[in-house]
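Peer 1: Residue numbers (numbering that gives the first Met the number 0), protein chains in the order written: chain C, 0 to 665; chain A, 0 to 309.
Just so you know, the hints here were simulated from the structure itself, not pulled from any lab data. Keep in mind that a hint or two might mislead.
[Unchecked claim] Here are the simulated lysine to aspartate or glutamate pairs, EDC-like style, with alpha carbons at most 20 Å apart:
#, chain 1, residue 1, chain 2, residue 2
1, C, K313, C, E284
2, C, K401, A, D64
3, C, K401, C, D471
4, C, K417, C, E284
5, C, K417, A, D58
6, C, K417, A, D64
7, C, K417, A, D62
8, C, K417, C, D407
9, C, K417, A, D253
Residues per chain, in single letters:
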Amino acid sequence: MVRALLLFVCVVAACGDGLGTPRVRPLPAVDARPALRVPGPRSPRNANYRIDARYDATTHRIEATQTLTWKNLGGTAVAELPFHLYLNGFKNETTLFMTSSRGSHRGFHTHEDGWGWIDVTSIRIGGEELRPRATFVGPDETVLSLPLSTPVAPDATVEVTLTFTAQLPQVVARTGYQGAFAMVAQWFPKVGVRIGARGYETWECPPFHVNSEFFADFGVYDVALTVPDTHVVAATGVLVEAIDLPDATRTLRYHAEDVHDFAWMIDPHVEVMTATAQVDGTPVEVRVVHRARQRGFARRHLQAAVGAVETFSKLFVPYPWSVMTVVDPPTDAMAAGGMEYPTLVTTSGDNVLMRPGIRVPEFVTIHEIGHNWFQGILASNEFREAWLDEGVNEWADTLVMKHLYGEDQSAIAWAGWKADSLPLRRALSSELGTIPSAVATTAAVFPDDAAYGDASYTKTAAALATLQAVIDHEQPRFVAAMRRYATDWAFRHPTGADLWASLEATLGEDLDWFVQPAFQHPGGVDFAVRTASCRANRAARGVFGEGSGRHTVVDDRGTDTAGYTCHVVIENRGTIPVPVWVEFVFDDGTRERQYWDHRDSSRWRAFDFARSSPLAEVSIDPDGLVALADHRLDDHVRIDGDRHATWRATARVTVWTQALMQVVGL
Amino acid sequence: MTVGRIRLGDMLRAGGRAVSQYTGTVLAVYLVQLVAAGIAGFAILSVLSNAFSDRMLFDQAVDGDLVSLLTILRDAPAVVGAVTWIALGAVVAWMVWSWYFTGGVLAVLTERPRGRLDTARCFGAGGASTFLVFARLGVVSVLLQFPALVALSMGLGYLAERIGDAVTVGELIGPLFLGLGPAALLHVLASTVVDYARAELTLRRPTHDTLGALRAAIRAVAYLARRPVALLHVGAYWLGFVLVWLLYLLLAKDRAMLGTSGALALFAIRQAVMLVRTALKVGFLAGQVELTATRPPPPRTIARVESRDA
Numbered sequence: 000m001v002r003a004l005l006l007f008v009c010v011v012a013a014c015g016d017g018l019g020t021p022r023v024r025p026l027p028a029v030d031a032r033p034a035l036r037v038p039g040p041r042s043p044r045n046a047n048y049r050i051d052a053r054y055d056a057t058t059h060r061i062e063a064t065q066t067l068t069w070k071n072l073g074g075t076a077v078a079e080l081p082f083h084l085y086l087n088g089f090k091n092e093t094t095l096f097m098t099s100s101r102g103s104h105r106g107f108h109t110h111e112d113g114w115g116w117i118d119v120t121s122i123r124i125g126g127e128e129l130r131p132r133a134t135f136v137g138p139d140e141t142v143l144s145l146p147l148s149t150p151v152a153p154d155a156t157v158e159v160t161l162t163f164t165a166q167l168p169q170v171v172a173r174t175g176y177q178g179a180f181a182m183v184a185q186w187f188p189k190v191g192v193r194i195g196a197r198g199y200e201t202w203e204c205p206p207f208h209v210n211s212e213f214f215a216d217f218g219v220y221d222v223a224l225t226v227p228d229t230h231v232v233a234a235t236g237v238l239v240e241a242i243d244l245p246d247a248t249r250t251l252r253y254h255a256e257d258v259h260d261f262a263w264m265i266d267p268h269v270e271v272m273t274a275t276a277q278v279d280g281t282p283v284e285v286r287v288v289h290r291a292r293q294r295g296f297a298r299r300h301l302q303a304a305v306g307a308v309e310t311f312s313k314l315f316v317p318y319p320w321s322v323m324t325v326v327d328p329p330t331d332a333m334a335a336g337g338m339e340y341p342t343l344v345t346t347s348g349d350n351v352l353m354r355p356g357i358r359v360p361e362f363v364t365i366h367e368i369g370h371n372w373f374q375g376i377l378a379s380n381e382f383r384e385a386w387l388d389e390g391v392n393e394w395a396d397t398l399v400m401k402h403l404y405g406e407d408q409s410a411i412a413w414a415g416w417k418a419d420s421l422p423l424r425r426a427l428s429s430e431l432g433t434i435p436s437a438v439a440t441t442a443a444v445f446p447d448d449a450a451y452g453d454a455s456y457t458k459t460a461a462a463l464a465t466l467q468a469v470i471d472h473e474q475p476r477f478v479a480a481m482r483r484y485a486t487d488w489a490f491r492h493p494t495g496a497d498l499w500a501s502l503e504a505t506l507g508e509d510l511d512w513f514v515q516p517a518f519q520h521p522g523g524v525d526f527a528v529r530t531a532s533c534r535a536n537r538a539a540r541g542v543f544g545e546g547s548g549r550h551t552v553v554d555d556r557g558t559d560t561a562g563y564t565c566h567v568v569i570e571n572r573g574t575i576p577v578p579v580w581v582e583f584v585f586d587d588g589t590r591e592r593q594y595w596d597h598r599d600s601s602r603w604r605a606f607d608f609a610r611s612s613p614l615a616e617v618s619i620d621p622d623g624l625v626a627l628a629d630h631r632l633d634d635h636v637r638i639d640g641d642r643h644a645t646w647r648a649t650a651r652v653t654v655w656t657q658a659l660m661q662v663v664g665l
Numbered sequence: 000m001t002v003g004r005i006r007l008g009d010m011l012r013a014g015g016r017a018v019s020q021y022t023g024t025v026l027a028v029y030l031v032q033l034v035a036a037g038i039a040g041f042a043i044l045s046v047l048s049n050a051f052s053d054r055m056l057f058d059q060a061v062d063g064d065l066v067s068l069l070t071i072l073r074d075a076p077a078v079v080g081a082v083t084w085i086a087l088g089a090v091v092a093w094m095v096w097s098w099y100f101t102g103g104v105l106a107v108l109t110e111r112p113r114g115r116l117d118t119a120r121c122f123g124a125g126g127a128s129t130f131l132v133f134a135r136l137g138v139v140s141v142l143l144q145f146p147a148l149v150a151l152s153m154g155l156g157y158l159a160e161r162i163g164d165a166v167t168v169g170e171l172i173g174p175l176f177l178g179l180g181p182a183a184l185l186h187v188l189a190s191t192v193v194d195y196a197r198a199e200l201t202l203r204r205p206t207h208d209t210l211g212a213l214r215a216a217i218r219a220v221a222y223l224a225r226r227p228v229a230l231l232h233v234g235a236y237w238l239g240f241v242l243v244w245l246l247y248l249l250l251a252k253d254r255a256m257l258g259t260s261g262a263l264a265l266f267a268i269r270q271a272v273m274l275v276r277t278a279l280k281v282g283f284l285a286g287q288v289e290l291t292a293t294r295p296p297p298p299r300t301i302a303r304v305e306s307r308d309a
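Okay, chain A solo, but in the shape it has when bound (with noise of 0.2 Å):
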């Protein structure tokens, strides 16, 4: 069979074709999601309250006075604690889970189900059958983002240095590029490898189930440097998210949506901007999709039987 060059725009059409496709998908990942954020949350007030809902500094504090806000911080060591800690392990719990969404995801913009019974089918097939090697991706994931972690320490020693140096935002703007450019590029690489091997695993999986981790990222390293379109499409995806959020500044700039309809009013945004980020991941892994789709499978390897008789 031979396919067609894929361009970006083909990859970028067929993340709108998934999203309108599988618009219930995105609406099932969005609300887990935001069932997680909401229990972190929950505990967040159980915690908060306990602690502030008796003290009027804190209403202060909340209110935006500066210096309630420092002097909570610095009294209240043990909350502030269990409150970041509550939200990081939201935060890696979701990294965890999202092995599973991800390979969720993945199976239904592969298998492409119709209906909302096969596609809840294959989503959980898939998430399920994924889920271990997407675990041992994330192993090799650690080791490819470690050039990252190096580059970002060394940009942070740069830049605190210039930035002890600089008086106008001129003198900040080269060192804040080569300071967190190059750590900044090696995790999107790094994150771009582990999303193709992701896509290869799952695509791969009905014929090649030996297919590991490790040689998928490897397959997805070589695969990269020969199609950047790939990053051309990592960049588009980063441009809507950034896209989004200046979106969500313009609708919030000059509105100070006060008292309980203000907060509901925030809210409401808040969510319609994770709704919409939510799409544009899920289209993003659909243009993915549509490209390892073009990829040459691996080698299978043919074990020889001999016969007995012969």
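If we strip away everything but chain C, and leave its shape as in the complex, we get (with noise of 0.2 Å):
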């Protein structure tokens, strides 16, 4: 007895986390698809990487050797190279990283016993050591500079070889191992990028800041990872090769094409879902890699993701590439969850509170594959522009939503609520008016992460919509017209100016009236009703007349001339101009609708009517269409109170109050 005690004992310690222990994997096979569903090459690729990496699965600890193809795609010759150096980010408090984020991002923290770091160890260009040459540049160590002996000349091609030590973190802001499982994000030395007009470039590589993402050239990726044959990798591409080692280990080499960053994921205890989303009648291969409690989360990330998928495709441009990887995290690596890669995302939202219906892990999902058109083709500049990507995308994710939802329920269809995704985030949100900074803002430059994240998330996808709503209100252009944009800068690196020009010049008018004080200035949209009232008509009493013919009246009874005349007046408090329908509804059940078309800088609009019943609501964006309106409550006024619903607000409280009563007294 005592014996079986101990063994069960021994047992459960040995497999402490319940995942039992690593047994060797079957050899991958490798894929059957080229990198891109349709050959390219799609982009310039001026910046191509071959690495050949060696994971330690014991230390979290990657030894790599990179080599960097890089063309001059501009006007002047370049004399140094900058690197980006992401996770010495995490090697000390005192980076920028650490002291702009106080030592948190989303909610998870940094681990006093989990630093990360990359020692760049040498640096060859045709043999020549570099790597004493080179030197941080910045506050910290996430930007290594090197000056080159020769200027690399406009379309000329440098090859760069370096060898590196990459220590993952415990998982913080996107990134690290927890347990056995290891999200591996921006590990590698990445070259910066060449911006401005030709002939005036300048490198764009800025150190690691808490709201920064990423911003990077495109080009191919050539990555061998060599990995503990026990342990399960997804990464960006596809793989080419699959070679089993003699010491336990295995290389696995991916392949992808036309993509500005390689991310991969390492873990023994995942399983891998699969389907097939069908993009112009070609297939791509859908995959969710989670843990085996979360199948039922990974099930509904896939039918999301396939969906996200098609629905983007047909909505913007066809998605290029062949395969589409969604990791699932652990539970207790979520820090690693809801980020984007090319070809590879990282979802989150499995938690039991998320009953089907209440769509937060789907939108996880749909959020971070709509970034690979929203920063993965469309490849904008995260650190100057993140609303570019973060906001357009999430007002695309919306349409997405609505698409494979349904209209107001693609949020929430639980329990008899309904909502949609848009109007749900605003009523979650923060006044989008009183954001001190403006939407176009250097992310690094926001008072805070609540300013950042409503500006580049919230303001500009209810910005957009509400623009949107208003070129729409005639017939539906504003989507093709992102169709255009998208097409036309598919694989470029556009700016916020190149999408306004994109969208005036599909559109044909100018929308300088909506996006100076929308996007470059703060401020938002606050309408109320400020006056409304009604007055029955009637002769008018008083002196009347002149000489012999003076009268007076005084008694207005059977003169009425029947009718009524009512006043309205609405006014927009806030700062940005939206054209708005007002709904009018009278006592008989009539209603009528105007349209307050407010493009110039006009604050308020007075509307009369002389009806034969009086006004009895008045109801501005009856629709709901202006997803910038702060302050709703207030849009949608009765002339005279009525009860009715506060009688049954009160029954339901009051039959609370009661149950608690009873709880705590006799």
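Each of the two chains sits in its own frame; use the hints to bring them together as a complex.
Peer 2: Below, the structure written as structure tokens:
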């Protein structure tokens, strides 16, 4: 009996996390499809990487050699190459990432015994060792600048070989290990991007800040990963070679084309669920990598992922790659969740409270997959213009959610509750008009995380939805204009100015009246019914006529001319002018809608009616199209109060109160 | 006098007898409770009407539109706060009034008067005579409930961590029991101690007017340790409480109850539930009185008065 008990304890101790001992996995089959669904090249491919990396699953450390082939696409010679060393952001508490994040990201904290770093030990060009020349620039060690012996002329190419060691942090800010799981992202020295007009280019390679995501040039990635044969790997691109090695490891070689990043996940305890999405009649393999206990959520992610790949392809440009991998991190590694990389995203939202119908997990998957368009294909500068990928993507996500789950219930359809994703997000967000920074603000310059998030995500999405409502008010044109922008700027680095120029050209109208106040300045939209009143018409009283014809009307009895005169003033207390429908409902049930085309600087508009019936209700934006609007409570008012709803609410609250009284007293 | 050992069945039967014998008392307590809730409701109605009767978004929120409801909760925090404080105020006030009503009910169950007038007199006198000592017992109960509060705080922390990690309902059940179970158990124990202290204070009032709240509570702790049937009885009461709730859910299920007639029907059903629960509570108290009557009375201190002549 005692022996059995001891055996049981040993087994439990050995299995610790309940996942069991990792077992040798069969050698994975190589992908039978090319990296690109339709042969390329689709991009300039000026930053190409060949990486040979070995992962130590015990120390979570990577030893690697990388060859970068970089082409100067600019009009001036380049005398230095700056490299992002993002993992050094997790090196200690003095880095810009740590000071700007105060040690936490999205609610997940850094771990005192889990620092991350990257150490570049050698840099060679043409056999010349250049590492001693390279210096860190900026406030920390996240940017390494390499002066070149020979400048790279316009249209010339340079090949740089770097040797480095990367220590993963315990998972934080999208990257790192937790137990046997590891999400390996922003792990290799990545060259900056030349931006600016031809002949006046400068390097864009800022230090790693908590609010800055990533920006890189397109290229071809050939990455060989040597990993334990017990582990499963999911990575950007397609698996083109898999070889077992004698030391219980194997080398897996991945190939990706026309991408600007490469990320991978490794875990001995995961399984893979697959399905196929159809894009332009050709298949895209969609995979969800997950642990067994998250299988139920993996099904939801897979369904959302297939729908996202197909719907984004229809709405904007067809998905160009042949695989899409969704990593569903273990629940104790959710700091790795909710991030996008080309052809591979991480999701999150797996929680018992997220019952089927509460579509938070689905939304995360759709949002991250959406980034394969808005940043993956349209590779905007996330450091300078975070809104251009986060907010535009957020707006696009709402279209996809509606398409997949239906109007009015795209976010929630559970236990009788229903809600659409953007209105729900607005109801949960702060007032957009009070964000102290403009949307078009460099990510690192926002006063705090909340301002960055509200402006880059919610306000941008709400502003685009509002603009869409204005543009589409006669016929739907906005999505087609966005499709044109996506097509024209695919596999390039569009800016906000490029987006507006593209939309104006396609729509044939000036958008400055909206873009300036909504994106370039702080402020919002705040409609209100300022005045609403009616009076019964009757003969006017007073003294009329002159001389002998002078008479005084003192009594209105019997002189009613019937009908009512109503006067309504609506106003916009915000700073962004938005044309809006106003609905007037009269006592006899008739309704009238008027459009306040308020693109000028007018702050208010008066409406007068002469009707047989008095005005009962005034509703500004009755269809809820102006997603930017704050304080919606005073947008829909009735002239005379109606207590039906307050009675019902009171009855409900009173019964709850009474029930509580019974619990605490007699 | 030798009293036979009381069993759970005896306590439950005593409850049934009391409810059938003192139906008027049950109804009176329920009506006072309804009036108290109604006063709070009137205040709530006044606040909501002033704030929202001309706001159509509020109608949509009451009709079940989630976005409108969230918008109102966010944009009208003063109104939401006012309603919350009125409701909480009513609950706290009822808790204090309950000291009086419980004293009255216990007096009736102890003295078993006959006729409405005698019952009313007994109720009033009992409530008044025990109010202050019940108030002191209320202070003692704060001390008794302190371990439950500590357990609740720790349990909620534990539960929050586990909820964050749980992906299936099965993974949640264990942490729910471990997180909330100890606090619930300690709360029930403390409440039962207070209940039995109240019963003894009422029962022994005529003979032991020096019996204080603290001493009664300490005696109740010792008694409960010896008579687990009291805890079984509490369990039976809560089972009944939950069954009534389930019955209500069953009656309300898939019935929209819209419009004025629907609202009235819903009100009637809910008030019926409240009435049944009040009856349950009175029956529960009767069972406790039945058990307390078998307890040996506390020893009396007899002062020795020496004769001056001696």
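Peer 1: Look at each hint and say if it fits the structure.
Peer 2: Checked hints:
1. Note on K313/C and E284/C: the hinted pairing holds, with a Cα-Cα distance of about 17 Å set against a maximum of 20 Å.
2. Pair hint K401/C plus D64/A holds up; C-alpha atoms about 18 Å apart against a cutoff of 20 Å.
3. Between K401/C and D471/C the alpha-carbon distance is near 17 Å, which keeps this suggested pair within the 20 Å criterion.
4. Only pairs whose Cα atoms come within 20 Å are accepted, and K417/C paired with E284/C is rejected, the gap being roughly 32 Å.
5. With a C-alpha separation of about 16 Å, the suggested pairing of K417/C with D58/A holds against the 20 Å cut-off.
6. Between K417/C and D64/A, the direct Cα distance comes to roughly 7 Å. Compliance with the 20 Å bound is thereby established for this hinted pair.
7. A distance of roughly 12 Å separates the Cα atoms of K417/C and D62/A; the hinted pair therefore holds under the 20 Å criterion.
8. Taken as a hint, the K417/C and D407/C pair is honoured in the structure, with Cα atoms around 7 Å apart against an allowance of 20 Å.
9. Our distance criterion of 20 Å between C-alpha atoms is met by K417/C and D253/A, whose separation comes to about 17 Å.
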